[in-house]
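Given the sequences, and given the hints that come with them, work out the whole structure.
There are 2 protein chains.
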Amino acid sequence: MRSPDIVVAFQGEFGAFSEMAARAYFHEAVTVAPQTSFAAIFEAVEGGVCTHGMAPIENSLAGSIHENYDLLLKHTLQIVGEIKLRIVHNLIVHPGVRLASVRRIYSHPQALAQCSEFIRHVRDAEPVIHYDTAGAVKHLKETGEKDAAAIASAQAAIDYGLEILQAGIENNHQNYTRFLVVAPEAAEPEAPAKTAIVFAMKDVPGALFKSLSVFALRDINLLRIESRPLPGSPWEYAFYLDFEGHIGDERCSRAVEHLGEIATFVRILGSYRAGDSVEGKVRQKR
Amino acid sequence: MRSPDIVVAFQGEFGAFSEMAARAYFHEAVTVAPQTSFAAIFEAVEGGVCTHGMAPIENSLAGSIHENYDLLLKHTLQIVGEIKLRIVHNLIVHPGVRLASVRRIYSHPQALAQCSEFIRHVRDAEPVIHYDTAGAVKHLKETGEKDAAAIASAQAAIDYGLEILQAGIENNHQNYTRFLVVAPEAAEPEAPAKTAIVFAMKDVPGALFKSLSVFALRDINLLRIESRPLPGSPWEYAFYLDFEGHIGDERCSRAVEHLGEIATFVRILGSYRAGDSVEGKVRQKR
Numbered sequence: 141m142r143s144p145d146i147v148v149a150f151q152g153e154f155g156a157f158s159e160m161a162a163r164a165y166f167h168e169a170v171t172v173a174p175q176t177s178f179a180a181i182f183e184a185v186e187g188g189v190c191t192h193g194m195a196p197i198e199n200s201l202a203g204s205i206h207e208n209y210d211l212l213l214k215h216t217l218q219i220v221g222e223i224k225l226r227i228v229h230n231l232i233v234h235p236g237v238r239l240a241s242v243r244r245i246y247s248h249p250q251a252l253a254q255c256s257e258f259i260r261h262v263r264d265a266e267p268v269i270h271y272d273t274a275g276a277v278k279h280l281k282e283t284g285e286k287d288a289a290a291i292a293s294a295q296a297a298i299d300y301g302l303e304i305l306q307a308g309i310e311n312n313h314q315n316y317t318r319f320l321v322v323a324p325e326a327a328e329p330e331a332p333a334k335t336a337i338v339f340a341m342k343d344v345p346g347a348l349f350k351s352l353s354v355f356a357l358r359d360i361n362l363l364r365i366e367s368r369p370l371p372g373s374p375w376e377y378a379f380y381l382d383f384e385g386h387i388g389d390e391r392c393s394r395a396v397e398h399l400g401e402i403a404t405f406v407r408i409l410g411s412y413r414a415g416d417s418v419e420g421k422v423r424q425k426r
Numbered sequence: 141m142r143s144p145d146i147v148v149a150f151q152g153e154f155g156a157f158s159e160m161a162a163r164a165y166f167h168e169a170v171t172v173a174p175q176t177s178f179a180a181i182f183e184a185v186e187g188g189v190c191t192h193g194m195a196p197i198e199n200s201l202a203g204s205i206h207e208n209y210d211l212l213l214k215h216t217l218q219i220v221g222e223i224k225l226r227i228v229h230n231l232i233v234h235p236g237v238r239l240a241s242v243r244r245i246y247s248h249p250q251a252l253a254q255c256s257e258f259i260r261h262v263r264d265a266e267p268v269i270h271y272d273t274a275g276a277v278k279h280l281k282e283t284g285e286k287d288a289a290a291i292a293s294a295q296a297a298i299d300y301g302l303e304i305l306q307a308g309i310e311n312n313h314q315n316y317t318r319f320l321v322v323a324p325e326a327a328e329p330e331a332p333a334k335t336a337i338v339f340a341m342k343d344v345p346g347a348l349f350k351s352l353s354v355f356a357l358r359d360i361n362l363l364r365i366e367s368r369p370l371p372g373s374p375w376e377y378a379f380y381l382d383f384e385g386h387i388g389d390e391r392c393s394r395a396v397e398h399l400g401e402i403a404t405f406v407r408i409l410g411s412y413r414a415g416d417s418v419e420g421k422v423r424q425k426r
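So the sequence lines, in the order shown, correspond to chains A and B.
Per our numbering, the first sequence starts with residue 141, numbered consecutively.
Per our numbering, the second sequence starts with residue 141, numbered consecutively.
Hints are computed from structural coordinates only; laboratory data are not their basis.
Beta carbons: idealized from backbone N, C-alpha and C, even for Gly.
One thing to keep in mind: the hints can contain errors.
Capping the alpha-carbon separation at 30 Å, the derived lysine-lysine pairs in DSBU-like fashion look like this [as the list claims (entries may be wrong)]:
(1) Lys-286/B to Lys-224/A
(2) Lys-334/A to Lys-214/A
(3) Lys-350/A to Lys-334/B
(4) Lys-350/B to Lys-214/B
(5) Lys-334/A to Lys-350/A
(6) Lys-224/A to Lys-350/B
(7) Lys-281/B to Lys-334/B
(8) Lys-350/A to Lys-342/B
(9) Lys-214/A to Lys-350/A
(10) Lys-286/B to Lys-214/A
(11) Lys-334/A to Lys-334/B
(12) Lys-286/B to Lys-421/B
(13) Lys-350/A to Lys-224/B
(14) Lys-342/A to Lys-214/B
(15) Lys-342/A to Lys-214/A
(16) Lys-224/B to Lys-342/B
(17) Lys-421/B to Lys-281/B
(18) Lys-350/B to Lys-334/B
(19) Lys-286/B to Lys-334/A
(20) Lys-350/A to Lys-350/B
(21) Lys-334/B to Lys-224/B
(22) Lys-224/A to Lys-214/B
(23) Lys-214/A to Lys-224/A
(24) Lys-342/A to Lys-281/B
(25) Lys-342/A to Lys-286/B
(26) Lys-286/A to Lys-421/A
Covered stretches of chain A (in silico footprint by chain B; criterion: 3 or more residues with CB under 8 Å from a CB of chain B, positions within the stretch not fixed) [stated by the list, open to error]:
(27) 356-364
(28) 369-378
Sample of chain A residues with no beta-carbon within 12 Å of chain B, all distances over it, derived [what the hints assert, rightly or not]:
(29) His-206
(30) Gly-221
(31) Gly-308
(32) Asn-315
(33) Pro-324
(34) Val-344
(35) Leu-381
(36) Gly-388
(37) Lys-421
Next up, the structure:
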């Protein structure tokens with residue numbers, strides 16, 4: 141069933157992991173709108189072209205995706221949900237192509253790095269950098285190369301009518317990407333909730349400790365902290381903090397008020413239901 | 141004067157900002173040894189080929205250089221110093237080439253991004269990605285292109301015999317890169333000292349707050365915290381912490397001992413003299 145009301149902006153070509161995350165999160169055949177950059181996701185939602193955006197924020201092997209942290213600060217969207225998608229990489233070829241004839245393997249640099257052990261064992265094949273995983277499959281389809289392969293999602297193989305020669309070729313199967321769902325308006329409270337904020341502290345002794353104390357003193361569990369440079373102020377940082385609880389809970393709202401007394405600025409990025417880890421599901425037809 | 145005893149590994153071609161950082165830090169004509177990757181810096185020093193390594197760890201606009209954080213954990217070198225180098229980007233061309241004839245501008249993606257406003261105002265010119273700033277100048281020299289330019293350090297222009305058409309073209313002049321100096325043995329205590337450690341916490345409520353408490357309770361000022369994923373353990377992190385003081389001070393050593401009681405592991409990455417912000421100096425001849 142297609143929901144005509146939900147239009148999700150994601151970065152990449154059809155078949156991208158971000159598209160799989162969007163479909164897994166909304167549990168239905170939502171309309172998806174591919175974008176050429178992370179910034180374009182935020183602009184499409186802010187401009188009303190899309191209702192939601194799906195932005196990768198963190199990979200369990202590679203770490204944070206900083207550009208999206210910076211975009212959360214730059215734009216005024218709210219985080220309304222999250223999903224942790226297991227990243228399964230596949231070697232994709234034209235039907236009938238065998239491993240022995242593969243000379244080039246196209247993919248995004250991060251996917252190539254995450255499959256480096258597999259690639260090393262493919263004799264006479266060299267990795268070739270492409271801007272996007274699903275885009276590498278699209279390229280392979282368009283050029284018709286029979287001596288090359290691409291690394292991408294199973295969905296990308298189906299979408300471009302190519303074949304999976306080997307599935308699950310990533311070095312480490314504990315490979316998850318956490319995506320944030322952004323929208324113009326805040327989400328309805330739903331447990332278990334978590335809240336994301338961004339703040340900056342004056343450069344005084346103990347500043348970071350004091351900022352965390354306002355949560356610890358109220359037994360609010362901190363989930364994650366990330367620092368990003370403040371442009372134009374060398375060695376000053378914006379801190380992105382995730383904590384347990386909804387901003388509508390008095391305990392949480394008082395902690396953030398308390399933080400406001402000692403910070404140069406505080407902004408609530410959103411309260412949302414803590415997401416589960418999921419395996420991506422593929423669709424056979426669009 | 142050349143010190144025959146100091147051989148500094150850096151990543152990039154001659155003329156790279158890392159080479160300028162090495163020369164600014166050691167205040168003399170040390171021997172510099174270019175490497176093709178950050179990992180090679182650590183291997184060259186660990187293997188005894190070089191006495192020191194110069195590794196960029198953080199840029200005041202772009203943020204942390206995560207690969208070097210991971211390499212500090214992987215290898216057993218000590219941090220023995222730091223320097224904050226101002227990054228000045230220059231538009232470099234073959235002698236006599238004028239701005240109106242520039243159609244392509246080569247540089248590292250980050251340098252292109254940091255000069256985006258300048259590039260936008262060069263009519264009919266498009267940015268072209270190169271693996272390295274100084275390498276882009278070397279490329280321009282070798283191909284002899286008269287309708288192209290490169291963005292790199294002033295040193296790179298001198299080293300490859302090309303000309304600076306416009307200096308200081310970065311969007312934001314508050315652009316500094318902090319480099320760490322690594323060596324096999326710890327540095328002698330020198331004030332004002334700072335110490336870098338890496339640790340991981342059990343996933344218990346208040347873990348991060350407790351880990352910072354051991355410093356706050358002893359009035360030790362925290363300078364910076366950075367988290368990186370622990371490979372194979374999704375959503376668990378290694379924390380890299382910088383604090384004021386030398387690990388030889390009892391207050392600091394007791395704090396780290398205390399941290400050891402509540403952490404799954406703690407490692408001291410090094411105590412060293414807090415470095416100054418410097419402007420790079422260029423040499424006319426090698």
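Legend entry - Hint check, failures only: 1, 7, 10, 11, 14, 16, 19, 24, 25, 29, 32, 34 and 35
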